[in-house]
Each structure stands twice: as C-alpha cells, then as structure tokens.
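> Chain by chain, the residues:
2 protein chains.
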Amino acid sequence: MIKVGIIGVGTVGQSVANILEKNKALIGARAGKEISVVKGVVSNINKKRDVSIPLSDNVDDILDDDSIDIVVELMGGVDEPYKIVQKALSNGKAVVTANKALLAYHRYDLQKIAQDIPIGYEASVAGGIPIINALKVGLSANQITAIKGIMNGTCNYMLTKMMQEGVRYEDILQEAQDLGYAEADPTFDVGGFDAAHKLLILASIAYGIDAKPEDILIEGIENIGQDDIAFAKEFNYSIKLLAIAKKINTKIELRVHPVLIRNDQMIAKIDGVMNGVSVIGDCVGETLYYGPGAGGDATASAVIADIIEIVRAGQSSPMLGFKRPFQSENLILMPKEEIESEYYLRMLVDDAPGVLASIAQILGKHNISIETFLQRPSDNNKKATLLCATHECQEKYIIAAIKEIESLQSVNAKIVMIRIES
Amino acid sequence: MIKVGIIGVGTVGQSVANILEKNKALIGARAGKEISVVKGVVSNINKKRDVSIPLSDNVDDILDDDSIDIVVELMGGVDEPYKIVQKALSNGKAVVTANKALLAYHRYDLQKIAQDIPIGYEASVAGGIPIINALKVGLSANQITAIKGIMNGTCNYMLTKMMQEGVRYEDILQEAQDLGYAEADPTFDVGGFDAAHKLLILASIAYGIDAKPEDILIEGIENIGQDDIAFAKEFNYSIKLLAIAKKINTKIELRVHPVLIRNDQMIAKIDGVMNGVSVIGDCVGETLYYGPGAGGDATASAVIADIIEIVRAGQSSPMLGFKRPFQSENLILMPKEEIESEYYLRMLVDDAPGVLASIAQILGKHNISIETFLQRPSDNNKKATLLCATHECQEKYIIAAIKEIESLQSVNAKIVMIRIES
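Just so you know, the protein sequences line up as chains A and B, in that order.
Heads up, the first sequence is in my numbering, so the first residue is 11 and it goes up one at a time.
Heads up, the second sequence is in my numbering, so the first residue is 11 and it goes up one at a time.
Source of the hints: derived by calculation from the structure; they are not laboratory data.
Where hints are given, some of them may not hold.
If chains are identical, the list can't say which one is meant, so a pair holds when it fits in one copy or spans any two.
Stated by the list, open to error - Derived lysine to any residue pairs resembling SDA-like cross-links, with alpha carbons at most 25 Å apart: (1) Lys333 / Ala35; (2) Lys392 / Tyr92; (3) Lys43 / Ala111; (4) Lys43 / Arg322; (5) Lys34 / Lys261.
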C-alpha cells in the first residue's frame, strides 16, 4: 500500500482525500497498488473539515513519518512550502504540489534536491486540464513553437462579462469578489502574476527556461475600458488575458498581458471562469486543451493523476519533475524590449488642429506604421478619443513612441496600450 | 539505437519518416535513445515518394528483420493489416498503428496476441490530438461519465459550411470531394462509420467495452436539410456529428449521429475540419481536447509520440495496448432501444385540418411530450413542414411513434429525426 500525507487540507486537500476514498478501487487498479491518505496537516486543528483522515497541526508528523511515501503540498505561499518540500524530498518522499508560486521561484532548486525523486505538479497549471501531460508526453514529437494560455479564471470571467454584458471593470471586479472568484486584494489575479507563475512552469517544460516572474513582461487587465471593448467588438476581436510563450530561433518570448485576439481563434471562444491552453507544435500544428482551472475536485483530479503516475512509473515517468532532457539546443529568454507585436493604442487628446498630425509623426519617426485609426467624440467636447492599431513592431519602439506622445501638451491622459495577438 | 519499419509510406508514413529525421536530436533526447527508420514497405515500389529511407514491396522485409524493434502500420483496411500486425506481434515487435478500422474490429484479438508487447494507437483517434494520453494518464483519477467527440473532419467541414453559408448538403459534399476532404464514395465519413471506429477505441479505454461497429447506433448526416439548419439557427443550436459514450450506472451508451447542440457548449464551437473531444470525468468535470484530426504531419505527431513512449516506457506504459486494468466494475453495452435523448422531428404533412391533432395524439400515446412545435409554410401550398422538439424519452418510443406517424395518409415523406444533446 502507498501512503500519502496531505499538507494543507483546504478545499483541494479535502477533495484529494475524498476522491481517493470514493474512487479507491478504480484508482488502485490504475496505479497497480492501493493508495491511502493516512494523515493530514492543517494550521488550524480546530476548524471543522469534511474528511475522515487523522489531522495534526505539526508538519513533522508527515515529514518524519517513514511510512509515508508521497507528500501532497497544498498550503499556498512560497517560503514555508519551500522549506517543507525541501525536507520532504531530503527525506526521500515523492512530492505532489499544486503550488504555482512555489514552482515559479524554486522549481530548479527543488529539482536539484530531488535528483531521482519524483515531483508531480500537473495541478499547478490550469487546474484540472492535463496540460503538463500533453506537453511532456502527448506532444513529445514536437518542437513547441508557441503556447498561449487563458490560465486565470478570475480575469477571464471579468473580461467575458465586460465583453458580453458591457459591465465596467470596477463593477465586475466587485461582483467577482462577492462571488468569491477574486480575493479582497485582487492584484495577484488581475495583475497577471498568477498566470505568469503558470507560464513559467510551462516554459520550463517546453524550453527548459529558468526564468523568474520578475524577469518577464507581466501586465494586468486593470486599464481595460469601455472604449477598448467597443473597439474590440467593432473589429471582431475578443479581449483576453493571455500568457504567451513563443520560440523565435533560439530565443524564448515569455509574457502575460491582455490581448485583442480575433474571435475566430479557438482560444478567443473560451468564456467565463474556464481555462484553456493552445499549444503550437512544429508537426501537429495547433492543439488546445480546455477545462476548469480551479475548484477542489477539478484540481484534485490533477493531483491524483500525479500520485497514480508516481506509483505506476516513479522516477522513470517523463511527466514528473523539472529535469531537462527535452532540449536539443540552448534556449535563452528574449529581452522584453525585443518582443514583437501589433499594438492597439487608446489616447485622450485635445480636439484641436494638428494633434493627429503630431501623433502620426511620432509613430512614423519610430518606424511604426498604422493599420487602423479611429477617432471617437468624447463626453467632453473639447477632447477626442483616438484609437489606433499598428502593424508589427518591437516593444522598445512602441514604448518610446508612447512616451513621446504622452509628453505632448495636447495628450491628456496616460495612453492605454493593448497588444494584438494574431 | 531503436529501429523502426514503416508499412504503408503514404502521406502519414512519409511525415513519420521525415519528422523523425528533422527532430532527431530532440526526439532522441526525449526517448532516451536514438530512433531511426530503417525501412519502408509500399505496395507500388515505382511510385515516387518524398522519403530517404530504403523501400521494399515485400512486407516480410520488415516483419522478418530481427533488427527492427517497432513496426508502424499505416496501410489502412482491416484484413491485410490484421494479418501483418499479428505477425509483427508474434515476432516480438512493438506495433504503432493509426488504423482505426483495424482496431474497431480486432483490438482485443491483437491485445491477446501482444500480451506484454506494446501496441500504440494514439494516432487512430482524432489525429494529432493526444486524447488517448489524456484518457489514460491525465484523467486517471476519474470515472469517465461521458465522452462526446467531433472526430470526423469531413462531416464537420460540411456541417459548418451548411450552417455558416447556407450551402446545401449535395453541393457541399461535391465541394468536399473536390477539395480532397471526402472520398469518391463518401459513405465511410458521412455515414458516421469512421467516427464510430474511433468511438469504439475510446470506449475500450474508458470502459473496457468490447463492442464492434455493428453493435452500436450509427447514423450519418445525409438527411440534414435546409429546414433543419434554419430550426437550429432559430433556437441557438449547432448541428454536429457527435460520437457519444455515456456511462449510465453499469450500462454504456455508444452512438454516432448528428445532434442539435446548444451554441454555448464548447464542442459546438469547433468548426471546419478540426476535431475535438469533450470528456466528462466525475472529479474534473468537463475537459475538452481540440486539434487537427487528420493530415500527414499531425497524425505523424501522434505516431511518433507512441514510438517515444514505447522506447521510454515499453510495456510498463499505461498509454499502450488494450489491457483492462481500469475497471472496478463490469460494464455492459446498453441496447440501442434503451438510449434516452431529446428528439427533433421534421415532418412534411398535408396542410389540412386534423393532421396536427393526429400527430400530437400519437406522440402522446407513446408518452412523448413536446417541448417546441413549429409549423412552416412549404413551397407547395398544400403541404406544411412541421418541426417538433420533444422532451427526453427512450429511443424505442420515438422510433415506434415515428413509424406510426409515417403510416398516416397525411404524412408525405420519411420523417427526419435528429437527437438533441443537452
């Protein structure tokens, strides 16, 4: 019998324990051995929980128990779980974690300690969607050309409501908080950091890139306004928060930000709290993986898949860990300023002669050519809103141009820039 | 070095050989060993092919070559590949096949011969989408509740064009044939048989069901007309050819037929030649897998993933073969007449008093209650088209009711019935 200890018995932990019990015969048959949760560790031992396993508030009751084979880490946070997972691995226990923040910072440190001890982390990216499995096994014939993921359900829920029902950002944020989709401090979700953590994990699998969140371009959805939604609708775009990895020769672009994306793209059709990851492989072309990105039972499905894989295949499984047997070349992170994209700009300007000309001139000076230009009357009749979509250019040029345009007397507010993903 | 022989070097076979060459370093790193295609067997040795491997027209050049480890079978057909795969397995060679027809009939026979020799068949279902991998590994914590697949690109292309552009069935069939999407005899695709073969393979994985195509409900898209498309549009449905497996207690429903399905369902959004498979698991809920269902390179991606898995994990891989370690209960095929669905009926009737009453009475007699009823004027002013959607009932009752309605003097043509998938 394989013995499992769960550290952190919240929503997901309770689901893991209960599903391992409910589907015991099935899971045992698939793993080839019986699997039992023998202990749970919680911070508040007095809180009532919906599980029948023995609970403790001392993490060493699991870490120092030689009979426990697999530690499931579901605490959240970075520093404390980092210490705990290090100790579990040092004690020879396999680890399964759903903790994307931990892995965004310490995946290679942990792999170094783990050596041949399996680390499972299917649940850390896109909840119940078996995307790690697809990347590592299902698409193993492919050089991965690009990954584009909707991996934060809160943002996707908010953007969907803004697009479909015309709700304003502030109002839908409040609603998402009331529904429990967004935290009291929503920065982690709406600022793009949660999606970035997941992107870094996928980028490690596809490209062996050892980047940290602060190394990559991360922008949130906080500045999306009604004018942007109207522009998107008019030109058949959706607005989505995408996490993007792209291989350009030997450089890897990694970025998280809102995009305007054509409605006929499959990933643009993923609405509400659901997640989806589109993967482009050099042989297969585009495949896309869709499902629930959060929730106790859905996340537990991925945690348990890893437990089964560890029992069945152990260290020989290609699904586990962050070793890098997958590259045939050394890939490096592309500097943010070299990233190329098309851009959409929204500018609030004085409704006066010459303004448009001076803006167009600045764009031209930075070698940025315009694809679409729209001027809308503003509420204030002395102001005008200019909406502009550019052809492809490097990030550094658009940033320089935006800075220069913003310095014009006739430009009245910070320019909103949204990248266009084609 | 692992040596591979390919039997059938057509579009897919050429892609397999060429990708194994192009991505050699990457694939070797992932498999842990170098993989080389050393021989190909073709029926017409004089035909020019885009590969650099030695070709032969004698299948025994591969089957009797002791140095060859893995045989890739890409011939198509049933009887001849069945003999060849049997011999390959008997000679101790692992087999990778994309041949759904072979597996629809002989998967358990082949597994019996194979014993512990791996058989890979990721490519046999939905081309480049790693759906076998998802079912066997990614979703291993789940009891599979249902599978709903768009697994025939020809049908999906035709139905998409009929919905989006109002093209008639006959015209779009001609176009699909001109584009090479449909064969001169399109029955295998449009009749639902190709999708049924794939469904039987998925049902073996999810449920261990040993059914053959003739055991299950298979209907094609040949009778879908303009009125049905108009009804679908009016009530926010799409029309799709779905292959459906559902677990109802210990019985498994297996069926392939066109459905009316709500536009907001993710699988309804899969358009054109693309494939998609929605899987409902008891823990994870719905996950969906989307991608190219055909094409040389896409199918080769799946073939090579199996080759890598065989090299890496061999007989210990859960991804390979049709052993049945996955059930905790014995499941049986549900008889067709017990399947429950909602139904849509299209009837051409005399535009005369009493006709509607007699139809409604027959439906009532069979305990079928009506959900929506529409009467449209017909081109012929003595005729009327009646469109009707029912609440859920068993297949046997709707069939009996249809038969009785068709026997009415006032009913002028065969009734078209489409199941509604909710």
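> State for each hint whether it applies.
Now for the hints, and whether the structure bears them out:
no. : hint           : in the structure
1   : Lys333 / Ala35 : between (32 Å within a copy, 17 Å between copies)
2   : Lys392 / Tyr92 : neither (56 Å within a copy, 79 Å between copies)
3   : Lys43 / Ala111 : neither (31 Å within a copy, 34 Å between copies)
4   : Lys43 / Arg322 : both (8 Å within a copy, 22 Å between copies)
5   : Lys34 / Lys261 : between (45 Å within a copy, 20 Å between copies)
In this structure, the earlier hints numbered 2 and 3 are contradicted, and the remaining ones agree with it.
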